[in-house]
Every structure is written in C-alpha cells, then in structure tokens.
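Generate coordinates for the entire structure from the input sequences, incorporating the hints supplied.
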Amino acid sequence: MALCLFNSLQRRVEAFTPLFPEADAIGFYCCGPTVYDFGHIGNFRTFVFADLLRRYLEFRGHRVNHVMNITDVEDKIIRQVAATGLSLAEFTGKYTDAFLADLATLSCLKPHHLPKATDYIPQIIDLIERLEKRGIAYRAGDGSVYFSINKYRGCGCRYGQLVTLDPEAQRQTERVSGDSYDKDNLADFALWKARVPGDGVVFWESPWGEGRPGWHIECSAMSMALLGPSFDLHLGGEDLAFPHHEDEIAQSEGTGLQQGGRPFVKHWVHAAHLLVDGKKMSKSLGNFFTVRDLLNKGFQGREIRFLLISAHYRETFNFTLEGLEASRSALARLDSTVAQLTERAGAANPDNTLAPSPFEIAFTEALDDDLNVSKAWAVIFDWVRETNAALATGSLSPIAAAERLHAWRRVDGVMGLGARPQEEAPAEALALLEKRNAAKAARDFAQADAVRNELKAFGWTVEDSKSGSKLKRL
RNA sequence: GGCGGGGUCGCCCAGUGGUAAGGCACGGCUCUGCAAAAGCUGCAUCGUCGGUUCGAUUCCGACCCUCGCCUCCA
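Take 433 as the starting number for the first sequence in this note's numbering and just add one per residue.
Simulated from the structure, these hints should not be mistaken for laboratory data.
Think about it this way: if two alpha-carbon atoms lie no more than 16 Å apart in a straight line, the pair counts; the simulated EDC-like pairs of lysine to aspartate or glutamate are:
{"#": "1", "residue 1": "Lys-867", "residue 2": "Glu-886"}
{"#": "2", "residue 1": "Lys-867", "residue 2": "Asp-896"}
{"#": "3", "residue 1": "Lys-508", "residue 2": "Asp-631"}
{"#": "4", "residue 1": "Lys-615", "residue 2": "Asp-574"}
{"#": "5", "residue 1": "Lys-902", "residue 2": "Glu-866"}
{"#": "6", "residue 1": "Lys-898", "residue 2": "Glu-775"}
Quick list of the computed label-pair ranges, beta carbon to beta carbon:
{"#": "7", "residue 1": "Ser-829", "residue 2": "Lys-715", "range": "53 to 63 Å"}
{"#": "8", "residue 1": "Glu-895", "residue 2": "Phe-813", "range": "18 to 28 Å"}
{"#": "9", "residue 1": "Lys-711", "residue 2": "Asn-617", "range": "25 to 35 Å"}
{"#": "10", "residue 1": "Asp-783", "residue 2": "Glu-855", "range": "24 to 34 Å"}
{"#": "11", "residue 1": "Leu-727", "residue 2": "Gly-630", "range": "34 to 44 Å"}
{"#": "12", "residue 1": "Arg-905", "residue 2": "Gly-630", "range": "48 to 58 Å"}
{"#": "13", "residue 1": "Arg-511", "residue 2": "Asp-725", "range": "17 to 27 Å"}
On a predicted model such as this, the values are computed, not experimentally measured, just so you know. All C-beta atoms in this analysis are idealised placements derived from N, C-alpha and C, irrespective of residue type, glycine included.
Following this line, the structure appears as structure tokens:
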C-alpha cells in the first residue's frame, strides 16, 4: 500500500506520487502566519499537521523540501507599524521570532525555507508583469493592478478549481461598501496595491508606481521561486481554500510558466479548524488560546502537540482545557511505558536489520490511509497495553525491550512527541525519600505516609515497586 | 441564498452492509502495609422518520440540529 491523501482538487482520496520521480526532493509548501500578533493554537493546528505530514513523507522514504512563508506585509501589520512607530522589520521580527519559538515548543521540525514576503518583491513584480503581458492583469485608475478573472478564463483556464462557484448565486455582500474599488469585475483581486497615505513608509517602487503586493501573489512568488512553477504539495487551513488558494492557482497558472501540461500544484491539502465551544477559534471571536497561554497554565508543548494531532486533520474538533488534560494523562501513560522499556533495555542493542515489527506495519497502514491518526493512536495504545503486560510479567528480555524501544523511536519520529524532559528531584525531595524508606523499613507506616504527604509540597510523590521506591513528578 | 463539512459511550474521536477501535473519566478484581502505577474486567445499537436489503450505524430520500467558506483569517 502507498500513502493516500485527500486532494482538494479532486475532492477525493488518492495515492500520493511525486510529480518529479527523479527529483531529489518533494516540493512542499504550507501557507505560514501573518506576523502581526502571537499565533493561537488554531493556527498551529495547521502547522503541526504540516509537520506531521512532512515527517511521515520522510518516514516513507521521501526527501522533502519544506517551505513555509512568513507574511510580513499586510493591512493589520501596516496599521500596527503606524501605531507603534516601529519599523516594519522591527515589528514583524518580534512576532516572527515568537512564531518560530512556538513552532519549536510544539516540536515542529524547522521548515527548510522560511521566506518573507518583503524579500520577494522583485519576484512578485516579475509575476505581475508576466500577467500584464499576457493581458490577464490590468491597471486600475488608482495605480493598483488587478487580476482579471474573465481574461484568465478567456485563455482557457479554469477559475474555481478548489471550490464550486456560481457567481450568479453568490450572496451580494456589503463587502465593497468600505472600499473604493476600481475593478472591472467585483471578483477580481488585487495583485499590486497602490500606495495610500495610511501606508506610511511601507511601500516599494514598481513599474506601476509606489505600492505593495497583494496577499495572494506573495505565495505564488515565494513558492515558485523556491520550488519551481510546478510542485507536489501545497497545504493550508481550510479557510484559505477560497479565495487565497484559488487565486494562487489562477495567478500562477496564468503566467503560463508551467511545462508539459503540469499544474501549479499537484496535491492540495487542507486542514480543518479548531473549535472552541463549537465555534471556530479566531482572533475576532476572542475565543483563542496562544501557546504561551497554555504554557503559563503549566502545560507542556508536547502535550499540546499530542492534542493537536489526536484527531484527523480533515475533521474539526473542539478544543477544551479538559481535553488538554486528557491528553496529558494519555501521554503520561505512554511516557511511563517508554521509560520502563528504556530501563529494561539497559545497554542492549537491537538488531537494526530486523524487519519492521507488526506494530510498525499497523502504524504505517493507519497513516497511509489519509493520515488517519485516530487509527494510528489505537495501534499505539494497543502496543502500550501489550508492552505493559509483558513488562509486568517480567517476560521481556533486555534485547526484546530494546527492539520495542527502537520501534517506538521510529514511530515517534513521525509523531514527534519525544521523551518527557527529565527532571532532577531537589535535594529536599531526595532526603524525604530516604526518610520514608527508613520509616517503611521500620514498618512505621504512619510516618511513611506522612513523609509521602510532605513530598507533595515539592511536587513529587513516591511509587513503590519490587525494585524499590522511586520519586515521581506530580 | 450558494457551496462544503458534521451529528457514534459522560467527554474526545475512529470505523464498517452482517449487531461498533482507541484515548480520557468512571465501577469491580489482582498486586500493595496503604497508595500509585500496571494488568484483568465492566460500561454505546451509532440525530429523527421513512425506503432499499435476508440484514443498515454504514446505501437512498425527507426532516431536525450544528459548523465552515462565499469579506481579513490556519
């Protein structure tokens, strides 16, 4: 079996095959953040999912060229720059750094490229000029440049590949009321926005005068600059499918740069939203949690990651603090099994030439199925129970333990949970442990229990086993 | 209004035309001085109403509820 993925273009699950089998890497692009504020975990659900897919492609033997853009020029940013008096670079740098730190907290591998829109102005201008030459882009009275959907269609291209559009049936919204658009067609979108007084010092020179790029064209320029005019995978949140991704396709294919009948992107993958109380988590609704919020509540990044990858990427799911606590409990059980396995394995070395275990095979089958993580977790927890049972009966040899550990590490190379950070018990706790051991040896259980209670104050407890008593972090 | 998702155990979330996987929580038992951890074990008939079928949670139809996109958005 091969990896199968849902492709938004076909609206069905299909086998994933590289666009260029001879190339040394798969072109993989994920729309990144707009750096005007801290990201919330709804945003990060998509990025963690992208990380999971990348890791799984690598697990399946592919090399991946992972690109994630940073949108560092946009209306909200410009407003903030004007309000704070900071330079564009200072302002966006702060939130870019925060974003990358959060990504690391969630154990995401760093993308190979993190292009910033403002570093790609020449490429953006070049694309717009190409579109203009082909008659698909036009200048409006105010100096802005728009993309003509009608002209694009006139070239035999299809607008509406990701969504089913019936312009006649679209609800007439009041979206234009606040703006003085000078477009041929209401659905046309901006490629280049002419400078307006509110832009302050944020502008670039262009063949059309001073201005700044439209949002959609940025992703076309960065992705094609780094991955070529046709590449394998493009991901993003489901809200980006329309209009952002649809417009990206139109602009990119409108340039005519693609060769051999290949599309701009072969495989579009969209991640569903995270909900809070049944509603989309968003800045505007105010129902969001940032990674920092959760860290401040005492949760670990890996616990958040576990929750974010506990549900299938194409289904929305409700975020709750209770759910995060449930993730913490589940992860603790997994950690405990891995810790015991590590101890049992000791210095034993597994035979690396061994064929994949049934565990790994089942895990692979689950993720091959459109990244069915729910199924994968079921496989993992079956393995946990079975491993715990073997551990409990003492029937597991060090070499067998080492082999299981090796399998787990391969699986975790995809899930990316890592080991629980080791924490050294403070001297006070160690002293209390000895005190309790002494009391226990003297069969003074009242005293032993009292000491165990005292330990709680330090955030530790004690667990007895046949091999002695151990401190455990609460 | 148009388009696209959902409604499965207390909660989260898989899945299948032949009577439902996993996680969290909960109950019982084993182990333990007591706990904890772990193991064993118990715990759902799948939104409603019709239809197709030997048989539907799984297919079809209607309806109810809910979310998203159509405007910046992961």
